[in-house]
Structure formats: C-alpha cells, structure tokens
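Protein chains in written order, with the numbering used here: chain A, 1 to 176; chain B, 1001 to 1404; chain C, 2001 to 2312.
If you're looking for bench data, these hints aren't it; they were derived computationally from the structure.
Errors might be hidden in some of the hints.
As the list claims (entries may be wrong) - Label pairs and their computed distance ranges (CB to CB): (1) B/T1071 - A/S32: 15 to 25 Å; (2) C/K2221 - A/A78: 25 to 35 Å; (3) C/P2224 - A/L176: 27 to 37 Å; (4) A/N172 - B/D1171: 11 to 21 Å.
Stated by the list, open to error - If the Cβ cut is set under 8 Å, some of the chain B residues that face chain A in the computed set are: (5) Y1065; (6) P1067; (7) N1161; (8) A1184; (9) T1293; (10) I1297; (11) R1311; (12) V1315; (13) I1317; (14) M1399; (15) N1400.
Said to hold, decoys possible - From the derived model, a few chain B residues whose C-beta atoms are all more than 12 Å from chain A: (16) E1123; (17) A1138; (18) W1154; (19) F1192; (20) D1223; (21) Y1298; (22) R1337.
Beta carbons are placed, not taken as given, at the ideal position from N, Cα and C, and that holds for glycine.
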Amino acid sequence: MKNNSRRGFMGKAFGAVAGLGAIGSLVAMKKSWDPLPSVKAAGFTTLDMSTFPEGEMVTEKWRGKPIFVLKKTAEMVAKEKSDPAAQARNIKVGNDNYMVCIGLCTHLGCIPAFRKDTADFLCACHGGMFNASGDVTKAPPPRGFDIPPFRIDGNKMVLGEVGPEYQAMKDNGVTL
Amino acid sequence: MAHFTKATSVKDWLNQRLAIDTVEKVMASEYWIPKNINFLWAMGMILAVTFGLLTISGIFLLMYYQPSVDTAFYSVNYTIMREVDFGWLWRHVHGVAASVVFLIIYIHMFTGIYYGSYKKGREMIWISGMLLFVTFSAEAFSGYMLPWGQMSYWAGMVITNIFSLGSLHLDGLVEWIRGDYVPAQAFLNRFFMLHVFLLPLAIMGLIGLHFAALRIPHVNNQDGEEIDFDAEAKKYLEGNTKESKVMRFANDFLSKDLMVVGVFLIFFFYLVFWHYGFALDPVNFDPADGLKTPAHIYPEWYFLWSYEILRPFPVDIGLVAFGFAQVIYMLLPWLDRSPNTIPANRRGLFGIWFWVLLVDMVVLTAMGKLPPEGIFSTIGLVASLLFIAMWIILPFITMNEKKV
Amino acid sequence: MKELKILAVVVFFTLLTYVLVEPYAHGQMHKHVDSESFTYNDLPAITKTGDATRGQELIMGAGCAGCHSIDVAGMPAPMDPVMAAQSYGVNPPDLSNAGAVYDAKFLADLIKNPAHALKVEHKFDANGGKMHPMVPFYGMGGDIDQEVSDIVAYLQSIAVKTEDVTPAMAFENACGRCHAVGYENWTQIGTKPTFKYEKDSLAFDIKVLEYQDSLKAYMGKLPPDLSMYIRSRGEHFISTFMENPQNHLAGTAMPRVGVNADSAEKVIEYLKDAGDTKRHEREEIGMNVMIFSIIFAIFALLWKKQVWRELH
Chain A
1 MKNNSRRGFM GKAFGAVAGL GAIGSLVAMK KSWDPLPSVK AAGFTTLDMS TFPEGEMVTE
61 KWRGKPIFVL KKTAEMVAKE KSDPAAQARN IKVGNDNYMV CIGLCTHLGC IPAFRKDTAD
121 FLCACHGGMF NASGDVTKAP PPRGFDIPPF RIDGNKMVLG EVGPEYQAMK DNGVTL
Chain B
1001 MAHFTKATSV KDWLNQRLAI DTVEKVMASE YWIPKNINFL WAMGMILAVT FGLLTISGIF
1061 LLMYYQPSVD TAFYSVNYTI MREVDFGWLW RHVHGVAASV VFLIIYIHMF TGIYYGSYKK
1121 GREMIWISGM LLFVTFSAEA FSGYMLPWGQ MSYWAGMVIT NIFSLGSLHL DGLVEWIRGD
1181 YVPAQAFLNR FFMLHVFLLP LAIMGLIGLH FAALRIPHVN NQDGEEIDFD AEAKKYLEGN
1241 TKESKVMRFA NDFLSKDLMV VGVFLIFFFY LVFWHYGFAL DPVNFDPADG LKTPAHIYPE
1301 WYFLWSYEIL RPFPVDIGLV AFGFAQVIYM LLPWLDRSPN TIPANRRGLF GIWFWVLLVD
1361 MVVLTAMGKL PPEGIFSTIG LVASLLFIAM WIILPFITMN EKKV
Chain C
2001 MKELKILAVV VFFTLLTYVL VEPYAHGQMH KHVDSESFTY NDLPAITKTG DATRGQELIM
2061 GAGCAGCHSI DVAGMPAPMD PVMAAQSYGV NPPDLSNAGA VYDAKFLADL IKNPAHALKV
2121 EHKFDANGGK MHPMVPFYGM GGDIDQEVSD IVAYLQSIAV KTEDVTPAMA FENACGRCHA
2181 VGYENWTQIG TKPTFKYEKD SLAFDIKVLE YQDSLKAYMG KLPPDLSMYI RSRGEHFIST
2241 FMENPQNHLA GTAMPRVGVN ADSAEKVIEY LKDAGDTKRH EREEIGMNVM IFSIIFAIFA
2301 LLWKKQVWRE LH
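Can you make the complete structure from the sequences, with help from the hints?
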C-alpha cells in the first residue's frame, strides 16, 4: 500500500521532470526557427532623397521588400489639399512631398504596377487599386499600402528606424 | 530465454525468430478482401506505387539538387535537366507524379465518400486518410518551393502571408515561419528539410496507421454488405473459392491491383514523356525575382478549389471559409447522420449531395485558376457559398435517411 | 459492364477538370496571337533585280563599314563590342550572313528606314528629333530602290546558303547582341572562352557587365537571358514575338528583328538546345518505355486472368 502510493507519486514526479525537459527542448527548437541575427541586422536602408525625379515612381528595396518612392508633382500636391486621408499619408522631406510605402498589395502580397498616365497602382493578382497617396481605391485589398518605419535625417531617409513622423502615423492609425 | 529447436530449413529458422508464416498469413494470403469490388478499389495500390515513384525519383534528384537561393534553379534546370544522365527523366517523373498523385487521391477519397467507407468502424481509416491528404499537401507545397522559380517564390510569399491571419496582423508569425522578412535562404532551406525528411517521415507513419486502421474493419465492398469474414474465409480455405464472398489479398486482389497499375503506368508515362506542362508550369521556368510579380499567380491544380474559397470574400471572412474548407472533410463520419453503409446511388438525397459536391469541386477548381473578374468571380462566389452550404445541410439530409 | 461505366465517369470528370484548368484558363490569361508566317505583309515587295557587284561598290561608298564589320569580305569591326555599345547602345552586327538570316524585304526597308523596319518608331521618331542609331541610306544618286536591291543582292551573295545556316548562327546574329543565354555560355559579346587564370575570366565578366550597362540604358531595361525561355514562353509565343514584338508587348523597346521563316525555325531550335536539351533522348526513351508499359500491362492482365479463373 505504502509502496504503491510512493510508486505512484514518484511516477508523477518523474513525469513532471521529463515534461520540463521536453518543454525546454521545444523552446530551444522554436528559437532555432527564428530569423538569424545577421538577417535582422540587415534591416536598414538609407535613401538619398535628392535623387528622385518628380512624378516618377521609383522602386527601392528594404528587408527584401520593394519600397515605392514617388516624389509628388505640384499638381499631385494640389489635388491632395482636399483629401485629409492623403495628407495624413504624405511625407515631407525638406520642401518636397513624397509617397513612401511598402510596395506590396495589402491583400495577398503581390507587387502592384504603377500606371503613369492615371497616376495610380493596379494589382494584377486580384484587381486591387491604390491612388498616388497609397490609399486603397478598389477592393479586395483591405487597407492602403503599409508605410515602413522611417526616420528623416536632413535630405536622407533611413528605413527601418522609427522617427517622430512615422511614430505619429502609427499612432494615428495611418499605418500598422 | 524462449525455447528454440534446431531448424529444419531456412524457412523454419526464420519462423522461429520472426514468425514469417504468421505475418505472411495476416498481411497477405489470409488477409480477406471482398470479391464484390471494382477497379476503384485499386487506387490505394496506385497511390503506393506513385509514392514509390516519388521517393525513388526524389532520391536521385537529391543527389544533385542544391538548396541555395543562388544555385537551386541552376542545379535543377541545368545540372539535373542537361548534365545528369537521365536527370531529366527523374525530374519529369517527380513533377508529373506529384501532380498525378493528387488526382488519384481525389478519386480514392470520393470513392470512399460514395461507398460510405468512412462509416461504422472505418472512421480511423478516413481520419488517417485525411491526415495523409493534409501531409501530402504540405509535402507538395514544400517541394514546389525547391526549384526557386517565380512561382516557387510568389506562391511561397502569398501562402505564408495567409498566416498573418488577416486583421490579426501576425507579421511576427509570418517572419518566424519564413526565418526572414521575405522568402529567402532560410525559407528555402527549412522547406527543403520538411520536404526531404520530416514530412516523408510523417507520411510513412500515417500510411502505417492507415493500413492498420483498415485491417480490422476490412475493406468495404460495392454494396456495403456486412460480410462474416471468418465464415467466408472458411469456405475459401475448404476449396469453395468460387462461392466464397472473399478472396486473398495476395495473390487474388493483388493480381487485379497490378493489372490496374499496368494501365495506370501507360497513362502516367505518356504524361512524363510527352504531356507534362500541367505539372511543370511554365511560370516556374523563370528564376525567382522578388521585385517582379508574375502577371498570373496560381497554385497547382489540386489546391485550386480551396484557394478559390479564400478569394471571393473580404480577407477575414475568406480566411474563416478557407479554414473551414481544410477541416470539414475530416468531420464527414460525424456529419453523415445516416446509419446506412451503402453506395450513394441508393441513399436518396445523399446521392444527389454527392454529385453536387463533386461538380462544385470541379467548378471551384476551374474558377481558382481563372482570373477573378467578371462572370468568373461571380461563379466562384456562388460555388464557394454552395460548398459551405452543402456541408452545413449534410447532417440534416442524412439524419432522416431510412435504415436499409 | 458496370466497371466501364465507372471508368467513363472518372475519365469524364478528369478530362473536364483538365480542360478547364489548362487549355481554357490559359487561353483566358494569355491572348492568342496568330502567326503571319514571316511574310512581313506590311513591307513593300522588292521590284528590282539586284546586282551584287554594284551592291558591293555601294556598300563601300555608303560607309556601312563605319559601324558594321563584314568578316567574309575581310572588313573588321571599327570598334570592340563594349565601345560600340557605349556609342550606339548595342553592338552593330557583322553583315557576313545577314543575307541568309534576314528577310529580303526587311533588309531593303531597314537600309532605307531602320526605325520603320524594326518597328521602333514609337521610340525613335525622326520628326521629334530622336534618330535611330543606325544611319539610314539616303541613296548614292541613282534609283534608291535599285541601289537598295543591289545592296541586298550583294549581302545574299556573300552569305552562306540557307541550308548552311546553323541554329547558333541564326540566334547569335538576330538575337545574341541583346540577349545572353547563360546555359550555352553565350554573352552579348560572344561565347565566353575558358580562361586559365581567374583574373582573365573576371576581366571578361566585367566587359560583359559594361556592355550590359550600355544596353540597359539604350533599351530601358536589360533584355532577359533566354536560357529557359523555350519552356517558360513556348514555341508559338517566341515565334510570334520575333515576328512582331508589338503584338505581344505593345510599346516594347525590342525591335522586330526581321528574320526569315527558316532562320526563325533555327532560332527556336537553338533555344530548344538551350532549354530542352534532352528532347531527342526523351522521345526515344519515351517510345521504349511506352512499349514496355503496354507489354507489362498485357502480362499483368494475363496473370490476373489465370489467378481469377479459380474465383469466378
């Protein structure tokens, strides 16, 4: 009797110890699956804003993703005066206005194409559309282009670092 | 130490140590199969043969394939296809078999649904089979990544994006799965590990479970008749092979199986040598380019029906519908409330349900490939809603089925 | 028989799914472009009979050798390919086999109006002041159509015979100055030689990259490597694309190259050698395997019949 209860208790205690070992192993295995430190460190790109021509959509790269940079023409800026959503997405560097965003459709991740004559974006995968400020104008994408974390440094923009302008956009729900 | 006697022959020696006679009887010569079956019953053997072809061709591909984003495409399309003797053959066999295996899986699955082979004691066969479908799907997806062509990259991008779970924005989870912000070296390497080692291991284990689950309930028959296997086996062993309702797995059932395999191989090799474009999609012959989305991205044909269910709805609803579609087949034994194990054509409403489901699956598959615009997206929406509705009404149309 | 009915149902649903997912869907995704069999119907027919001797004089006088080498006539290129690309965007072709590779009507039109023959007037508009790098032939005083016929006749006379045009010749001439084919070791400046020292190999690679920079600036983007294009685009697409790129990609910078029907076939053959190298072996072994499979199935049937004699 006494032996049985001791055996039972020891069995459970042993099981608990083995269980802790298993959990420890699983934690180690989860961490092996994590992105490597070298991958995480490569996550910063510096853009020289003086190189972008007006009205041209240029694709840069950050963390393997395409980044759309569009320096707005005076016409585009004027059109936006009546659009608060567009103004909230606007990025000002010096005296120039830019649309900077991650060039991936927020639906399922395809790269939308920029159409110069209509100054908008069309995603070939499911027909989603975005305007020149990056707002979604036709479903199925659920929201406008995401804006990468950025910090303005004089005439340069560092992607991957959080500056006050980006933080404000995040706080106001302009981007995720 | 157990008692061993001096062996009288090699067979006796093995029998004393491994009981090979008993094993042979249980697995082959006295594994009783009903005679009342048709060629659809051979699909299991065809799957085993196709899995064998995949494994063997895979072994030879594995000798030359390089799982590196810089050299993967070249190792497949130059080294294996141009330089390795018969490399092109293993690649074509592997690609075509990977596609054809799903055709056979769907035939096998729908045969089971039609004849009620998931009911009354056979639920574990159905569950292990559906788990095999899921594992084979993961195996196919991971394998498709490996050539690192445009479709490999973009299918990888889109399907891993699904794990952000819409409005939940689990971007961290997506990055963890990929091991990077986008599909890159870490992604390719780990899917290589899954494809070559972990998933085949799981598949082999599940095949074992699937066979074990079949052994006790025995194979079903065309009328769903409950057979007294012991009585019928006795008739057979007494010499009454013509009147017995059962036959041996080996060599009776096996000989018919192999005949069907023979016909299958003619069809299969025709595809391997002359008609392989459906399996070796042209878009994947462009090397992967993360900055250039192909004009049309689509999964392999066997994923199109569930991909289509994802598309017509707003993101979150689409994800719920997609999750539903992955899981719902698994629940069939419990959603079908009827007590009858008979073929669908004798089950009234269920018979209609079967054919409507089959046609709906074909429609969803076709719409999944077509551009989601105009009439195609309308048909796709209707077909997706129909799919969901069909499964919801299944318990209701079967619960009043009269016991036959 | 019941099994035949079941087989018919299975085959029906399989074929239905296949037809919808493959030929039908692909037809919806890519519009079909018909071939005009390289007849170049938009170009005027040649009405004059060309005099090759006069053509040779005209070519010397017109200064074609200022950009074009003619190897068989002993006229070397005035610049190396990299410098030529810097000046003109792309290396002007050697003219030794132009008479065999290109269509005569095309050559005639090209000599008089390059941007028109090449179908790049949307890019090089003389009225807008943007001239094609190739200087048109304005005539040497006589009947320009006669003179052009003479030049074409000369080019045809120095070229190899049609049956001697190899796939590599057709490709390298018509396509190879813009498109690399890595799997055949072909770069825009020629087949990459094997070098003893890595330094020389890298020096060659740098020359290729410099050429490609000029080419990219000229074309707007680097023309793609064509190694696997026969499998990613298919024979029909490539053939009709060569015939008139604008039919597939309106506004593209790629010129209509003007190959004749025979050379077009040879270009396709070259691309098949690059991207579908083992096709002959595949067909041969395929035949053998099919025959074996049929014999296998027959023997399986015979065995089954023997076993089942006891069971029915």
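### B/V1315 as an interface hint toward chain A, with CB separation required under 8 Å
holds, 5 Å
### Task
Tell me if B/N1161 is really an interface residue toward chain A, meaning its C-beta lies closer than 8 Å to one of theirs.
Nearest chain A Cβ about 4 Å off; hint holds.
#### Entry: B/Y1298 remote from chain A - nearest C-beta pair above 12 Å
violated, 10 Å
### Query
Hey, does B/W1154 actually stay past 12 Å from chain A on C-beta?
violated, 7 Å
#### Entry: Interface hint status, B/R1311 versus chain A (Cβ within 8 Å)
Hint holds; B/R1311 Cβ to chain A Cβ min 7 Å, cut 8 Å.
### Query
Going by Cβ atoms, does B/A1138 stay more than 12 Å from chain A at every point?
holds, 16 Å
### Message
The hint names B/M1399 as touching chain A; please verify it with the least Cβ-Cβ distance against 8 Å.
### Response
violated, 38 Å
#### Entry: A/S32 and B/T1071 - C-beta distance against the hinted 15 to 25 Å
holds, 24 Å
### Task
Would you check whether B/I1317 satisfies its interface hint, that is, whether its CB is within less than 8 Å of any CB in chain A?
violated, 11 Å
### Message
Quick check on the hint: B/A1184 CB to chain A CB, less than 8 Å?
### Response
Hint on B/A1184: holds, closest Cβ of chain A at ~6 Å, below 8 Å.
### Task
Say whether it holds or is violated: B/F1192 keeps its Cβ farther than 12 Å from all Cβ of chain A.
holds, 14 Å
#### Entry: Cβ distance range 27 to 37 Å for C/P2224 and A/L176, holds or violated
Cβ of C/P2224 to Cβ of A/L176: about 36 Å, so the range 27 to 37 Å holds.
Figure legend: structure checked against the earlier numbered hints; hints not met, in rising order: 5, 6, 13, 14, 15, 18, 21.
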